[in-house]
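Q: Take the sequences, apply the hints, and build the full model.
2 protein chains.
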Amino acid sequence: MAIIESVPNISEGRRPEVVAAIADAVRAVAGVRVLDVQSDAAHHRSVFTLAGDRGPLKLAVLRLYEESLKVIDLRSHQGEHPRLGAVDVCPFIPIEGATMTDCVDLAREVAAEVAATFNLPVYLYEEAASIPARRHLEDIRRGEFEGLAARLQQPDWKPDFGPAAPHASAGATVIGARMPLIAYNINLATDRLDVAKKIAAGIRMSSGGFRFVKAMGITLDGRGVVQVSMNLTNYEKTPIFRVFEVVKREAARYGVTVLESEIVGLVPSAALTQAAEFYLQLAGFSGDQVLENKLRSSE
Amino acid sequence: MAIIESVPNISEGRRPEVVAAIADAVRAVAGVRVLDVQSDAAHHRSVFTLAGDRGPLKLAVLRLYEESLKVIDLRSHQGEHPRLGAVDVCPFIPIEGATMTDCVDLAREVAAEVAATFNLPVYLYEEAASIPARRHLEDIRRGEFEGLAARLQQPDWKPDFGPAAPHASAGATVIGARMPLIAYNINLATDRLDVAKKIAAGIRMSSGGFRFVKAMGITLDGRGVVQVSMNLTNYEKTPIFRVFEVVKREAARYGVTVLESEIVGLVPSAALTQAAEFYLQLAGFSGDQVLENKLRSSE
Chain A
1 MAIIESVPNI SEGRRPEVVA AIADAVRAVA GVRVLDVQSD AAHHRSVFTL AGDRGPLKLA
61 VLRLYEESLK VIDLRSHQGE HPRLGAVDVC PFIPIEGATM TDCVDLAREV AAEVAATFNL
121 PVYLYEEAAS IPARRHLEDI RRGEFEGLAA RLQQPDWKPD FGPAAPHASA GATVIGARMP
181 LIAYNINLAT DRLDVAKKIA AGIRMSSGGF RFVKAMGITL DGRGVVQVSM NLTNYEKTPI
241 FRVFEVVKRE AARYGVTVLE SEIVGLVPSA ALTQAAEFYL QLAGFSGDQV LENKLRSSE
Chain B
1 MAIIESVPNI SEGRRPEVVA AIADAVRAVA GVRVLDVQSD AAHHRSVFTL AGDRGPLKLA
61 VLRLYEESLK VIDLRSHQGE HPRLGAVDVC PFIPIEGATM TDCVDLAREV AAEVAATFNL
121 PVYLYEEAAS IPARRHLEDI RRGEFEGLAA RLQQPDWKPD FGPAAPHASA GATVIGARMP
181 LIAYNINLAT DRLDVAKKIA AGIRMSSGGF RFVKAMGITL DGRGVVQVSM NLTNYEKTPI
241 FRVFEVVKRE AARYGVTVLE SEIVGLVPSA ALTQAAEFYL QLAGFSGDQV LENKLRSSE
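Chains A and B, in that order, are what the protein sequence lines are.
Numbered per the numbering used here, the first sequence spans residues 1 to 299.
Numbered per the numbering used here, the second sequence spans residues 1 to 299.
Just so you know, the hints here were simulated from the structure itself, not pulled from any lab data.
Be aware that a few hints might be false.
For chains that are exact copies, the list does not tell them apart, and a pair is met inside one copy or across any two.
Stated by the list, open to error - In silico DSS-like links for lysine-lysine, alpha-carbon gap of 27 Å or less: (1) K248 <-> K197; (2) K294 <-> K214; (3) K158 <-> K197; (4) K58 <-> K248; (5) K158 <-> K70; (6) K237 <-> K294; (7) K294 <-> K58; (8) K237 <-> K214; (9) K70 <-> K58; (10) K197 <-> K214; (11) K70 <-> K237; (12) K198 <-> K248; (13) K158 <-> K58.
Please read these numbers as outputs of a predicted model, since none were measured by experiment.
A: Right, here's the structure in full:
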């Protein structure tokens, strides 16, 4: 049995009962587990983490689209987070016994079925992208729901599946395959937003930083501190500890210290083991020495 | 699902086919895995490492007692390692989703059942000990199998379960609960043995150091460096990172740096996560955020 993860993001973060009903519908699919549901009211967005083998997972994701489209109307949706659709984005992620190719295939299958069933324009992204220009979510999402009608008419932005016109209430959706993503934030012991912004610019790929880091500097309202808010898109190649050390060093240059860091949601065990290996200067360490890995591998 | 480890030590280390048959009997219990079996002929002793949830693990341990008692006779047993019984000692160790209290409870349950089923005297030790004088294995085992009949008649050494007389061939057994033990070494970039010895003395409990550290300084022959060789007996209360940082600081006082460190054998994932939390200054992190833990716990 393979384990594939899916992390659909929906544009509803303010009605807990609505989010719970969607989670229940997904949970009702045998063979799929709902590992996590996180809602953010300011973003007006919720993130589901599902896991299962490809068949059950596909069913569960289709149920999620069905239920979400019934209750979310983008025409009256306002939140801090950019969004294109009621189900904004839905990646598939290889965890165990499945390859990236399996996840790309699954993404395409689900995309075709979502487009046909709900008459919804679908873009493929990341590893499943049909052309390089559609690889990055932020490029696909530019203009958001409000700019969608105009965009879909451009020849370059014909959707990969479904009609070249927005769904009235649900907009469009983006489906794809990628590595596990780690949402990682570092809080600085200062209220100087410029410091967080400069550090973010220094470490993110788009402005010359690490290959697998997206970052921005923000103020944490009510706490009087700023944050370097990040997505680490490939922890194997750009590990957490390296990003942390560089942020700490760059902050020191402004006379600022790191207050704390945080991982939002789930993180693969290996990403933490990496940090322990680095800081403890562990020589000759192997993942097989982790008791829990040993347990799993002998199953 | 919880994961509890058990590490029964049996007084047979010279007949591989006998040890293999016992391992097979244990392996036949669904839901229990045999992670390791180590035999030592000089000690005439074998150490099993088993893991599973409490129900299956209890069954497996009872099977191990049953098979071991059939084939081991202490009256003709001679080895370098002290021993009191055919199954000499059997600790339960919390790994995941189980507390020390769970393991103490399990130890008492198994002790009662072993005593009743096999008419065997049972002492409880470590965290499961009924009185402080029975906490340490070496105190319980003093006098060994040969002194057992006399000892069991002393009021202070009435067993916790079972008859106050030795089992003719199997003696007695010691069952308990303890934390996982981590074999952890730090290599120093020097050949000065006195430095390793001074640091070891500074950090081990016996000479005023950390409560859960045993340590000694040794020379690594052929490498020209010295090592602080340690056993960490409770990584939750005396974590690896704290020991590492103190050793590094004490070494600096002699102008010596840490070359590397190493973990010998298995280590619980949580002991590494702890280090990641410390060095990355992770705030509000919970073990539930580790993807693999989450997958297992919702199975």
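Q: Flag every earlier hint the structure violates by its number, smallest first.
A: 3, 4, 11
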